[in-house]
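Position chains B and C against the provided structure of chain A, taking the given hints into account.
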Amino acid sequence: MNEVRKLINITDLSTGEIDHLMDLADDIMADPTKYQDACAHKILATLFFEPSTRTRLSFTSAMMSLGGQVLGFADAKSSSATKGETVSDTVIMAGCYADIIAMRHPKEGAPIAAARKTTVPLINAGDGGHFHPTQTLTDLLTIHRKLGSFDNFTIGLCGDLMFGRTVHSLIEALLRYENVKFILISPPELRLPEYMKEKMNRSGAEWHEYTKLEDAIPELDVLYMTRVQKERFFNEEDYVRLKDSYILDREKLEDAKKNMIIMHPLPRVNEIAVEVDDDPRACYFYQAKCGRYVRMALILYFLGIN
Amino acid sequence: MNEVRKLINITDLSTGEIDHLMDLADDIMADPTKYQDACAHKILATLFFEPSTRTRLSFTSAMMSLGGQVLGFADAKSSSATKGETVSDTVIMAGCYADIIAMRHPKEGAPIAAARKTTVPLINAGDGGHFHPTQTLTDLLTIHRKLGSFDNFTIGLCGDLMFGRTVHSLIEALLRYENVKFILISPPELRLPEYMKEKMNRSGAEWHEYTKLEDAIPELDVLYMTRVQKERFFNEEDYVRLKDSYILDREKLEDAKKNMIIMHPLPRVNEIAVEVDDDPRACYFYQAKCGRYVRMALILYFLGIN
Amino acid sequence: MNEVRKLINITDLSTGEIDHLMDLADDIMADPTKYQDACAHKILATLFFEPSTRTRLSFTSAMMSLGGQVLGFADAKSSSATKGETVSDTVIMAGCYADIIAMRHPKEGAPIAAARKTTVPLINAGDGGHFHPTQTLTDLLTIHRKLGSFDNFTIGLCGDLMFGRTVHSLIEALLRYENVKFILISPPELRLPEYMKEKMNRSGAEWHEYTKLEDAIPELDVLYMTRVQKERFFNEEDYVRLKDSYILDREKLEDAKKNMIIMHPLPRVNEIAVEVDDDPRACYFYQAKCGRYVRMALILYFLGIN
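Residue numbers (the working numbering), protein chains in the order written: chain A, 1 to 306; chain B, 1 to 306; chain C, 1 to 306.
Isolated chain A, as found in the complex:
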């Protein structure tokens, strides 16, 4: 790895690299102690120009679990950005103090600009409504561990499919694999954008659209829930009529397969009832755990340690 590695979008990783990261994460989960000093004397900088506890903590936990250390900032107010510094300069500066960078920024494209001059590996930890590749890696690891492979399964994506970046990235990643069927469940206003549907068509993937979760749930192997924000609806009437359809509860689960897995990128507000937490199909907290291990794998890989 002579070139400095950057992960801006999940498409920056080849299928071979994703497979390598899955294998590495599996190996870490099987025996974390084997890796507990792998990043000793290495430093991760977490540059969060926008707060995101979950993502920041999972990166931090990942680096610490490798024996490394973590520095950074949790919001833009305590960054030099307030003094007019460019993101690019901040990233070069961080490269003087750390061996690898995870960066989150509210502005789409900021990580691309920042990555141009970085002297150390840089990971996009989310940029506005754009990319969030480590969430996708997290989702992939969860699916891979629960289903055993990425081929031949049906995934339901439920909620706001128009603006939900995690959904778009996950679809893009899964299109690389064989025979994944996509069930798109959303209010009419929040359907998956046309360009995403075209991508699926070009890949020859099968997909169907539903308005109600109830109608789609029986055929799913994976149900990926996301939030539907009230303000996304065009009118109050639609919202009142449809909102309950995007809340997963015990009743709706009755028609689901017994080994379906329920995922959610978290945080949830009310789109999954708390009663579902005790269902053996609930995987969203397991998914959070996967986020720690896949980030360990990514850090190792980008630092050229594995």
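Among these hints, one or two may not hold up.
Pairs of lysine-lysine, DSBU-like flavour, derived with a Cα cap of 35 Å [claimed, not checked]:
1) C:Lys-42 / B:Lys-42
2) C:Lys-243 / A:Lys-117
3) B:Lys-230 / C:Lys-117
4) C:Lys-6 / B:Lys-34
5) A:Lys-83 / C:Lys-146
6) B:Lys-107 / B:Lys-181
Worth flagging that the hints you see were computed from the coordinates, not collected in a lab. Computed from a predicted structure; not experimentally measured.
Chains B and C only, in chain A's frame:
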């Protein structure tokens, strides 16, 4: 320890456990190097939904002094709470990234709700005006180390005894021991609540109330100072008349025992004059130091390491 | 070192001590692994009552690169200062939880007040418009490594020389050495204060003033750029007329010596054009790197490890 340990209120610890923590803290203070790697590869999450530098830093220092690492957030703004996540979900999430949690929350009862589903040990680091058990452990260690035991002494509690949670918890803890006499020194408006007095009565503890510190100080073995906030007084007149009585200075100390110890949970504003800092009886900074060691003991105990 | 060490102003260090720190930093840069565990089991507290990402991260990186750990706060809002605690009390408290303190405060003189009662070594990480000694050490290390010594060279200081604390400290430090010539380049409103000129005169140092960078650049061995804030100008007319003169670009560099070094304390806004970054004379990011190593040297020295 098969069950996940939680410390919400000091009463969650048996007398035997408190004694064990005192002994363990003593042993750590005698030879900290013996414990400096005891928590290697362990992570503490400090979830502070409300800022509290002193408590957060003492937990952090405790974990680091055990060779462990620390992640978390210092105020709610950089937590997922702003996205509508429940405290319970945040705690489950933190349990995916850390081995033990210390949590502070402005809402009374929040840690109880949070603790219900935690998968890792959880320590309440203060919840509004309610409980703050590690402050009580800190106070207990200070008294134990300075007096040699918890039996047969007279403690004066001075200041706002109505709202001061540290005072209530300390009284509850000391009621378990033999022959502790309580001297309650406060403005009439800020006297200890009736239910606390009933608790003392039921335990058969001797207690007396004073309005002026000057009158009470000669008989004390321990003087525990707390802040009296101006806004707690019912009228300006009372405040002006009484406020100096709750400020400890060299003059008032003249009538005190030569080996009395002066405690304060800190931060102080003006309730102890700076001139008192050089008095050998001043123990409040020593108390801060004890806070680090007793938290080390608690972390070790809850992680099942000691 | 029986006395607790404090670094408030660069003048707190003897010339011998500065030379020692330069040598130590050189040695660290030559072989960082030799020092990677030197501060194992030691804790640095970073008390930042005012945000400053760059300085905080460089201290943090320095301590971590020595195998030590770091705790603290990044702005006053999450400190006990909001509860009315004095800076002196905060520093004593931090001394209960850490082995060494780096403190930044918006109020001039705050570190002096704080240092009076500290029980552990204390480093001023910047106090308002006053002192910032570790920036000066950073600047010195950069010059020393690039020029090979502190004697016999010409340094141009460009920008706001009236309020720029880094410039004043650097001049004071360089006056200790032989035959350093100072070229002062600033708008008339922002010239170096008289008392600084008197200091140079008393030291017998040669100095000249210029209004335009173009006129001064050919004779410089070092060009130290600082920001000129628009609001510092007395009138808009002057600002428009002069502002471009304080922006370094490729064109102005044409007349500069081939081995001149360009420095800047960072963050920059627009006073150095991005095109200059690729010029081999650009040293400002190297300077940021030096900041990490000289702070490593300082921490080691103050902890009595080297």
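Please write out, lowest number first, the hints stated earlier that are contradicted by the structure. none
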